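Please work from the sequences and hints to get the whole structure.
Take the sequence shown: its letters are residues 2 to 344, numbered as in the numbering used here.
Hints listed in this document are in silico derivations from the structure and should not be mistaken for laboratory results.
It should be emphasised that the depicted structure is a prediction, and the values quoted were computed from it without experimental measurement.
A couple of the hints might just be wrong.
[Claimed, not checked] As a list, the in silico DSS-like pairs of lysine-lysine whose alpha-carbon atoms are at most 25 Å apart:
1. K128 - K185
2. K239 - K185
3. K313 - K134
4. K295 - K337
5. K60 - K239
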Amino acid sequence: MDDRPGGGRGQARLVRTPGPPQQPRLRGTPPLGKTEGWLNQVTEDLYCLGVPFNLYLLKAEEPILIEGGLSPLYSLLEEGARTLGFGLEEIRRAFVLHAHADHLMALSVLKGHNPGVRIYGSSEAQKALSRDKVWERFKAVGGQTGEALRRELGLPRPPEGSRVFVEEVLEDGQVLDLGGHELKVLSTPGHSPCSISLLLDGEVLLVSDALGGWLHRSPTGPRPNHFWNLEQYISSAKKLEAVPCSALCLGHNGFLLGRERIEAFFRGFWRNLNDFIEEVSLRVKGVEDFQREKLRYAEMWHTDFLRFFPPKAHLEAVEVLLLRTVEFLGRNDLVKALKETGG
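Listed below in structure tokens is the structure:
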């Protein structure tokens, strides 16, 4: 029997699943092959920049950037590339796994200094990034978030960047030969309509935020992150869980190595999602409940990498998360009332 939510629209199937085993090594630094400054080695050729907003560098025939980060991280990206023996001007491909501000702005700086880099992403990401208002919003939120991160890490102010567009559209199931490595594209919407994941060499799964936000690298798993559609979020998680990967690379707070840890992460994912849906179902009956819970969750979650976001943007994100959950539960009366009252 499948105990996970998603038996149909509005059918949460709230069956409690056992929590993941308490493994202390899930906290802090993951088991690494090698650490070079800010770089954490995932595989022989894949490295993760060890910051709250992950960037991945892949050594291939031509070096590749996966994820776009925040603009102050550009200096660390330069340092990481030098450590690996190349310059950022040698990067010819960059992959956007979804179009949110905290996953784009270091790439914006790279594009400004290396116009030859081609940017890959989904058709939905291409649509989003073609809209002027969307890009201006990303610049504003990304700028404020990046500045908060820059001050905490003591990083230099980043150079001005260029606008990011998706120039090469990726399709679900597409396989790319990178010269010594192979990438398979997986469509994984739910967190956003444009979310994709990448399977590197059949072993390493790069999912960005498709599996939630891993606050404090908690051994109890990630926080739900379904800002677009909860049904699609569940479907995408099942799709990713079925991939027998040996490394799981996230959009924030690093990565996991080994099947035991990855399976524990997924158990935590389903348990936390079930618990959240159940809590919303029980506690949110009307508009006043919605507003109260929005503030409660926003205060509780404004921690770890989320604390760098402007409070207003963070509150708006929590509101969207609650609304998508209420929609999933089939509470059309409440959805209508929220729209009538302006949220």
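Okay, the hints, checked on the actual structure:
Only pairs whose Cα atoms come within 25 Å are accepted, and K128 paired with K185 is accepted, the gap being roughly 22 Å. At most 25 Å may separate the alpha-carbon atoms for a hinted pair to count; K239 and K185 meet this at roughly 17 Å. Taken as a hint, the K313 and K134 pair is honoured in the structure, with Cα atoms around 18 Å apart against an allowance of 25 Å. A threshold of 25 Å between alpha carbons decides the hint, and for K295 with K337 the separation of about 17 Å falls inside it, so the pair holds.
For the proposed pair K60 and K239, the alpha carbon gap of about 30 Å is over 25 Å, so the pair is violated.
Taken one by one, the earlier hints fail for this structure only at number 5.
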